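*Asks:* Sequence:
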Amino acid sequence: MSKTITPFSGQLVTFSSSLPFTEVTSRLEAAIHKSTASAEWFPMMRGAKSKEDIAKGLHEIIGDDDFIYFSQTPHNWINYFKPGTGSAVVYVLGNPLIAQTMMVHDIRASLNIPPRVLVAEKEGGGTEIHYHLPSAVYALNDKSALKSAAEVLDAKLEALITKVLSDESVATSSL
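Convert by adding 25 to the 1-based position in the sequence shown; the result is the number in our numbering.
In case anyone wonders, no lab produced these hints; they're calculated from the structure. Be careful, since some hints might not be right.
[Unchecked claim] No more than 25 Å apart at the CA atoms, straight line, and that leaves these computed lysine-lysine pairs for BS3-like:
(1) K188 <-> K59
(2) K76 <-> K168
(3) K188 <-> K76
(4) K81 <-> K181
(5) K81 <-> K59
(6) K59 <-> K181
(7) K107 <-> K147
(8) K59 <-> K147
(9) K147 <-> K81
(10) K181 <-> K168
(11) K168 <-> K28
(12) K172 <-> K76
(13) K59 <-> K76
Being a predicted model, the structure only gives us computed values, none of them experimental.
I would like the entire structure built from these sequences, with the hints used as guidance.
*Replies:* Right, dumping it as structure tokens:
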């Protein structure tokens, strides 16, 4: 038996908006097809026999959009420990057609696939959206094809969040 520890660094992307938490979560859920994805996605995947089946089934659910809803974890319970924290939900979203462009280069990328997005209510109003920059956490080696594929996902995630927060002056920061 052997054990290896591979160091890597990550980057946290934060979008800040004055939009209310409930408005942001509603927009995000609509953009990732939450209402239809839950009922259709997993049965379709269980029946898929090929990559063509996956592509066809995914397109039937999300059309030309990039992401589909997989799950969510509410963290509102934290208010029992720190009252006034506000609402917070982690969404798991993704697209197996995008995921495979990275996983074929390094299966370890799947440790962070599908991506997770934290939507958190800000104290005093407004909302923040946080996620790990895919190209910073998926590429554990010097494989340029993996890095390039992850950078495509970087752009698609940013486009999704920008769309969700549209009609709003958005401040972004990369930590």
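*Asks:* Are any of the numbered hints broken by this structure? If so, which, sorted upward?
*Replies:* 3, 9
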